[in-house]
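Listed below, chain by chain, are the residues.
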Amino acid sequence: MDQAAEFRESLQMVRDSAAAVVPHGDLRRIRALRFTDPGFDRATWRQICDLGWPSLALPESEGGSGLGMRGFVVLAEELGAGLVPEPLVPAAMAARVLSGAPLADLLAGTSLVIPAWQERPNSLDPAADTTLRNGRLTGRKLFVPMAGGADFFLVSAREGLALVPREAPGVMLVLDRTQDGGTFGTITFDHAPATPFPGNLDRALEEAALATAAYLLGLSRRAFAITLDYLATRVQFGQPIASFQALRHRAADLKIQWELMRASVQSAAATLDLESDLPVCRAAVSRAKARAADTSLFITRQAIQLHGGIGYTDEADIGLFLRKAMVHANLYGSAPLHRTRYAALALEEHDA
Amino acid sequence: MPDLSPEALASLDEPAFRSCIREFLVANYPPALRNPPKRLHFRDTKPWYLTLSRAGWLAPGWPREWGGMGLSAARQLVMIEEFERHGCARFNDMGITMIGPLLIRFGTDAQKRFFLPKILSGEHIWCQGYSEPNAGSDLASLRTEAVLDGDHWALNGQKTWTTLATDANWIFLLVRTDRNAKQQQGISFLLVPMDLPGITVRPIINLDLHDEFCETFFDNVRVPRENLVGEINRGWSMAKALLGFERLLLGSPKQASYALARLRLLAERMGLADDPSFQDRYTRLRLDLADHKALYEDFAEQVRRGESLGADVSMLKVNQSELYQRITETMLEIAGENAGLLEPMGGNRELHPSGLFIQSRPTSIYGGTNEIQRNIIAKNVLELPG
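First to last, the protein sequences are chains R and F.
Quick note on numbering: the first sequence equals residues 1 to 352 in the working numbering.
Quick note on numbering: the second sequence equals residues 1 to 386 in the working numbering.
If you are wondering where the hints come from, they were derived from the structure by calculation, not from laboratory data.
Glycine included, each C-beta is placed from N, C-alpha and C at the ideal position.
Hints may contain errors.
Have a look at the derived ranges for each label pair, beta carbon to beta carbon [unchecked claim]:
1. N348(F) x D37(R): 21 to 31 Å
2. P169(R) x E343(F): 25 to 35 Å
3. H86(F) x P169(R): 29 to 39 Å
4. D229(R) x K379(F): 26 to 36 Å
5. A261(F) x G170(R): 36 to 46 Å
6. P37(F) x E6(R): 53 to 63 Å
7. D37(R) x D312(F): 19 to 29 Å
All chains should be modelled from the sequences, with the hints used to inform the complete structure.
Here it is as structure tokens:
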């Protein structure tokens, strides 16, 4: 077997391994966790850690799989297809930065670290007003996903990164519910004791944005598959509605859009694995994330429409996909933000 | 206090009529119920219902002899415009808009005398039983069946999207009364009290996490024979005959107008008001709305002239619903992470991109899906072969 074939086989093994956490077509666990605290299941999180997923994208020398982002997007796609709420993407972001005992505890599943980097809506900029002085952290962070389940926050401050236990004095957490049944945390740090940590979030943020695009890719794939099943089984006017040309053409359009999203995400993953130049990586991520945000909402909206009235009920699974897309489409940068960033990177290469 | 009786209103010219309505709303409409984010239940709208009832304003389109206002379609439109402008909530209006007109046109005297006053007093609250799980776009394939057994109809089957059925004490149904006739020709119109044995109502939680939808089950329900309206097996054509100028309202620009104003507020809040690319998109939507209003006015003018609407009014419904959706999609796109919140930003109902986005979804589904509307345009307006 040549190297490329071997790599493809490894990716397939990652895809297959996701079935351990993503039972095919069974969303009962996902429904049961919606609007609960913290919105995901700690036992499943430990299982995810046992499978080595938070470090999957890391180099082999740092305990990763060596499959890089190409491996990680395959995994994120599968988790998206199953609407898995466990916070793998933020935890993998932390794993990219951490080292030593905090990393080991994170990867062992004993301590969940969630990055808290954002201070303004619709931003990808971890530059902060938060300050870290004499081991005390002061500032406010927004939109921290699944913050209620974190043991530590990895916080960006002007002076650098810092680790803060959730239960530390001076840490105040307010949770807002999200459409998919999870939460965003707003965290206020008031002279909270913190441990400085070296490094920055630049690379980790790109990976999180791309993994989110892959998650959207997966949820769109599943929403589309459910919709195709519905078109084939729903009978009106004496025939399956899949036989009506208007709906067949709509389905064909959704297929084209999904494949464009897949190609965009997978090629961006390869760029991140093979390119060291940050602007080139950022352009690839922006291209993929802008498309994933738009297309995932397009596909899930159309999925509701093609289901008709039943699609507008909470008991039909298809709505879970729309609500998940509504939350994730704008995480780690909305489509307009990524288009603007792509244009500003002013790459010399013109894809004429 | 000016005389606001239907008789007095009828003598006013249009501007005076309009300002009368406006003043009445300011004086009487409960402020807390303006522009509600979700469809309200009768427990919330009942005081307003009774206020309208006492004023004699509950049934603008009914003839005065039956307690209505006897307004022309043109005047009814003025009233609807002012109610919309004020942000009045829709109440449980099926008795007023569907059953009243049906009985006035096709009912017996006994039915009119029994039902109409009870609708006006708020004693009877109606819900509609048309759609079934397997009869949506293809409504004529409905299978809920009524079989005559002595002095009663034995009723069996299931209806769905029986909106606000939990509020209602009566339901009107399209039921199959002749299994052997061609689909549309074996359907009758039946009036059923909801407290009869064998009726079960189950609320359906919708995507907006609200319980306005219901499904309603009928298991050997015995309905008095005289509760059939009009001729047996003529229910389909009666239901169609009821589709009057109200079809215009499905294409009313009100939802898109409301959403566009919210988009503007949201853009200001997100610091995008002066962003050139947002400005272009916003202006595009604004022009779309202005042009939709122009098209809507053409149809409204037809109604004002007393003409009946043709199949081409379907264009309004398609265009309005899709414009409304484009606006809410833009809201979602510019809201950043706020787009994912379950509750409005900072509790401010004006800034609730995800709520409006979800609420705009079914507008291209209910009242005949946009796919069905496009079929109507192709078949009945363009008269395409096939």
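So, going through the hints one by one against the coordinates:
In this structure the supplied range 21 to 31 Å holds for N348(F) paired with D37(R), their Cβ-Cβ distance being about 25 Å. Under the hint 25 to 35 Å, the C-beta atoms of P169(R) and E343(F), about 29 Å apart, fit the expected range. In this structure the hint that H86(F) and P169(R) lie 29 to 39 Å apart at CB is violated, the actual value being about 52 Å. D229(R) and K379(F) have their C-beta atoms about 29 Å apart, which keeps the hinted 26 to 36 Å range intact.
For A261(F) paired with G170(R), a C-beta distance near 42 Å keeps the hint of 36 to 46 Å intact. P37(F) and E6(R) have their C-beta atoms about 55 Å apart, which keeps the hinted 53 to 63 Å range intact. Hint check: D37(R) to D312(F), Cβ distance near 53 Å, so the stated range 19 to 29 Å is violated.
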